[in-house]
Amino acid sequence: MINAAVEALERGADPSAAEPRGDETAETLARLYIEVMGLIPYELTPAEPDPETKQRLFATITGRAAAAPAPPPAPALAPQAAPAAPPPQVPAETPAPAEPIFVPAPVPAPAEPPVSGARRMPPRPVPLSATRRPVSWLGALAAALIFALLGLSGWLYLQQAGQRETVARLEREAREAKQKEAQARLESERFKNEYSQLRTTMTLVTAPAALVNPLRPVGRLQPDARGALFVAADHQHWHLSIEGLKPSTRGKVYQLWFMPDQGPPVNGGTFLAKPDERVEMSSEAMPAGTRSAVITLEEAGGARLPTGPEVLRGAGMIQVL
Amino acid sequence: MPETDPVKAQPPERVDPGTLSDAVLMRYVVERRPGALAVLYDRHSPTLLALARRILSGSPDAGDVLQEVFVHVWNHAARYDPARSSVSTWLVLLTRSRAIDRLRHGKVVERTHEASHLANPVDHASPEGADAVFLRERRERVRREMANLPPEQRQVIELAFYEGLTQSEIAARTDLPLGTVKTRTLLAMKKLRSALRAEIRQLL
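Chains as they are written, first to last, in this note's numbering: chain A, 217 to 537; chain B, 13 to 216.
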């Protein structure tokens, strides 16, 4: 691309025909070559042309005879009528009729080249407001300020909205953190209670004078159920542990009964069984003279006396240690 | 009542056209003012003739080339685009292309490369004035920078500019790889432009 642009010039093409090729690099380099090439001849010693050459030239372009005097180097600038146009002396370059000298008064502004041609850029359209430049200036300035203020306002509004969102998010996170803290406290309390119960149970179960009442299934109702009622040495604290109970059906509950030496069974409380979960119950009170325990299946809410089928029955108190 | 053009209403003044810039003179040439062309001729013909003689090895055809160039300027001044180059550069490239055309068409005796280094035998009597001083300084600067080029870079520039060889032809002539020729040409051009930036600005 570079060399193509340059070689086009080197081949002797008219430099004004060196069209840009849309390639910025090629265009830039072509311009580089043109700029430099325009200076290279200045390294040569200038040569004074033969005066006849100038005479022939101006005779050609003005259509006069070759013997006619050429215009002086600095001609007087006054308008003159266009001469007749005899045949030119350079056949390939036919000159057009011309005024012999030029009038300098209507000198066009240097910034506006008057040359018009196929390759010249089209003139820029002049806006209607061009004749009122100061007013348009102020208008443009005011418009710019308004746009700047609008832009600033928009930016501030967006910033404020962003800050509001941030504050709301932080508040939401704080609330969530507080909730988590409260939950954690509850969990902690629950674990403490469980730990305390386990410790109590462990103490109760492992105490030297503790009694154990093994609970075994009655009949074929729930053959996989097993359990034990641990009773402390004071015969007050107790702990019930059962596994393998079928989950409670709708409207039914399991109920614990203490079986004293004399008198009817005493209600020890109702409970539900969940799949694969051990049932653990404890209390600090138990009827005096209890010798055994029974688990029955009762209607929801429990019964005053056992009415439902027995699921587990104690086999009698055993002192383990 | 038609409005009077204030510019055209001014009475004609007598000004020294030698003080007008090339660009302004070109506008007058477009308006078919021979006096403007005369000023351009007086201003640039010594350099252009030297260039034509250098390319044509001093052949008398150089004068014909000069006339051909200015007749072309007279008839096709509207083709000049100030956005592309200065008037001076436009004239230089017109002269170069026409001289190389003549060289290639065998209208002159083929010269040798050594002959191209001969100094131009005819000295130009420079006119007095600030323009002459600037011109002389420009010539000295260009000569100095051309002389400062490495010989191998100067060689490719001369072959391309004065003999009109393409880069492929230069590669064949000098037994150099085409890439080397391209690189040397580009380096030389960049070096010259960098060194002659002020002169290029003056022309523009």
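Just so you know, the hints here were simulated from the structure itself, not pulled from any lab data.
Take these hints with a grain of salt, some might be off.
Claimed, not checked - Computed footprint of chain A on chain B; a stretch qualifies when at least three of its residues, placed anywhere within it, have a C-beta under 8 Å from a C-beta of chain A:
{"id": "1", "region": "45 to 53"}
{"id": "2", "region": "62 to 72"}
{"id": "3", "region": "199 to 206"}
Virtual Cβ for every residue (Gly too), placed ideally from N, Cα, C.
Using a Cβ cutoff of 8 Å, are there at least 3 residues of the region 45 to 53 of chain B near chain A, or does the coverage claim fail? holds (count 8)
Check, residue by residue, whether the region 62 to 72 of chain B contains three or more positions whose beta-carbon lies closer than 8 Å to a beta-carbon of chain A, and give the verdict. holds (count 4)
The region 199 to 206 of chain B covered by chain A? Criterion: 3 or more residues, Cβ-Cβ distance below 8 Å. As far as the region 199 to 206 of chain B goes, the hint holds, because 4 residues have Cβ atoms under 8 Å from chain A.
Hint check: no violations occur; every hint is consistent with the structure.
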